[in-house]
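> Can you make the complete structure from the sequences, with help from the hints?
Chains X and W, in that order, give the protein sequences.
In this text, residue positions in the first sequence follow numbering that gives the first Met the number 0: the first is 0, and each later residue adds one.
In this text, residue positions in the second sequence follow numbering that gives the first Met the number 0: the first is 0, and each later residue adds one.
You may find that some hints are simply not true.
[Said to hold, decoys possible] Cβ-Cβ distance ranges computed for the label pairs, FRET-style: (1) W:S2 <-> X:S128: 54 to 64 angstroms; (2) X:F123 <-> W:D172: 22 to 32 angstroms; (3) W:K5 <-> X:S112: 40 to 50 angstroms; (4) X:S128 <-> W:P139: 53 to 63 angstroms; (5) W:K111 <-> X:I75: 19 to 29 angstroms; (6) X:A115 <-> W:D145: 23 to 33 angstroms; (7) W:K19 <-> X:N100: 40 to 50 angstroms; (8) X:T79 <-> W:G131: 28 to 38 angstroms.
[To be verified] Where chain W lies over chain X, by a calculated footprint (3+ residues, C-beta under 8 angstroms): (9) 36-42; (10) 52-64; (11) 77-84.
Please keep in mind that the hints were generated in silico from the structure rather than gathered at the bench.
Don't be surprised by glycine CBs; every beta carbon is placed ideally from N, CA and C.
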Amino acid sequence: MIDNILNALEANNITISTGVPDGWIVPLIKGLSEDKRFDYIAAAREEECYGIASGAAMSGKRTLVLMQNSGFLNSIGAYTTLCQKYQTPFVVLIAHRGGINDSNSYDPNKHRSFEAVTHGMNLFVHPSSWEDLHINIPKAMARSEGAGEPAFITLTEAMPK
Amino acid sequence: MSSNVKQAEAFEKLVEFADKHDALIVADIGSQSLWLKAAKDRPENLYLSGPMGMASSVALGVAMSHKDRLVIAACGDGALGMNMGSLATISNTAPDNLIVVVMDNGVYEFTKSLPVPSLGVNWSNVSHTYPGFKSTVTLPDIGTLDTKNGPHFVHAEIEPAELPPGPGMHAVDVHHRFKSLFSK
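And the structure:
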């Protein structure tokens with residue numbers, strides 16, 4: 000499954016990625032980090048991811064950002080005053096913790112706030128299964144570039160074993 | 000910390016260095032973007048108008064996108080203080096082609112010159128604290144840097160309390176002018 004995703008990223012010239020880890024997306028972060036076709040930049044904080052991805056976008060490159068839903072909540076100011084203001088396209092893959100498939104009992108508040116905030120901001124958020132990520136990330140990138148803004152994809156469960 | 004070097008002079012020095020190396024410059028919101036534009040408006044300048052502290056991160060994204068171009072992040076001390084984690088990220092990523100410059104005047108220029116909380120930071124010690132940086136120099140010594148073997152950190156001590164001249168550019172215009180450099 001990870002190989003399918005990585006091959007789709009390369010085929011669509013998405014060769015730069017950056018993120019702050021969540022347990023669910025570790026397999027993809029490891030894949031990106033260990034594959035020489037890609038540059039994965041481990042960021043200390045989610046705002047940096049928007050900066051890195053926006054810098055790449057304004058340089059004509061395509062970027063995948065990975066973070067948890069709480070990371071989005073951490074970084075809304077940077078999102079609005081950088082990504083929206085400068086109209087920088089890229090795809091953000093969100094580990095959407097706290098839903099019905101999440102066994103972590105401490106995560107529901109993240110889920111509820113992410114849903115409310117992204118709805119309130121009228122952002123493009125598309126749920127995906129792991130199986131369809133290799134299709135949905137390129138589609139989201141095309142949508143992002145067409146709209147001149149980031150596109151979000153949410154995963155609501157860990158990668159199937 | 001501050002010195003009697005005016006911000007205009009510091010940016011003239013920085014642009015002279017950038018022109019010599021055909022370097023791209025990403026500048027933080029406020030004083031950095033506006034003084035850079037006043038020193039010399041060039042397509043290779045990427046002016047940020049929000050949020051504070053993103054120049055180092057945006058410059059990292061630019062540097063990773065074009066590894067054959069020298070990229071300079073022009074950061075305010077107040078701004079970089081809001082994104083100190085980016086120094087760890089840059090140190091860990093260690094792009095050869097990135098130079099981070101901090102314009103250190105000890106105040107928030109645009110906020111009635113209130114002192115910044117990073118006043119006690121020893122900027123001259125950055126490459127020891129963040130060992131991915133190959134060196135730390137002062138702005139007068141920027142010409143000594145090995146630009147093929149970064150990243151480097153530059154500490155520019157400047158005079159406080161002088162608001163920059165002139166207007167900025169619209170963010171989307173900045174984006175497309177900068178991007179056009181790479182579509183030829």
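> Indicate, hint by hint, whether the structure satisfies it.
So, going through the hints one by one against the coordinates:
no. : hint                                  : verdict
1   : W:S2 <-> X:S128: 54 to 64 angstroms   : 58 angstroms, holds
2   : X:F123 <-> W:D172: 22 to 32 angstroms : 24 angstroms, holds
3   : W:K5 <-> X:S112: 40 to 50 angstroms   : 46 angstroms, holds
4   : X:S128 <-> W:P139: 53 to 63 angstroms : 57 angstroms, holds
5   : W:K111 <-> X:I75: 19 to 29 angstroms  : 27 angstroms, holds
6   : X:A115 <-> W:D145: 23 to 33 angstroms : 50 angstroms, violated
7   : W:K19 <-> X:N100: 40 to 50 angstroms  : 56 angstroms, violated
8   : X:T79 <-> W:G131: 28 to 38 angstroms  : 30 angstroms, holds
9   : 36-42                                 : holds (count 4)
10  : 52-64                                 : holds (count 10)
11  : 77-84                                 : holds (count 4)
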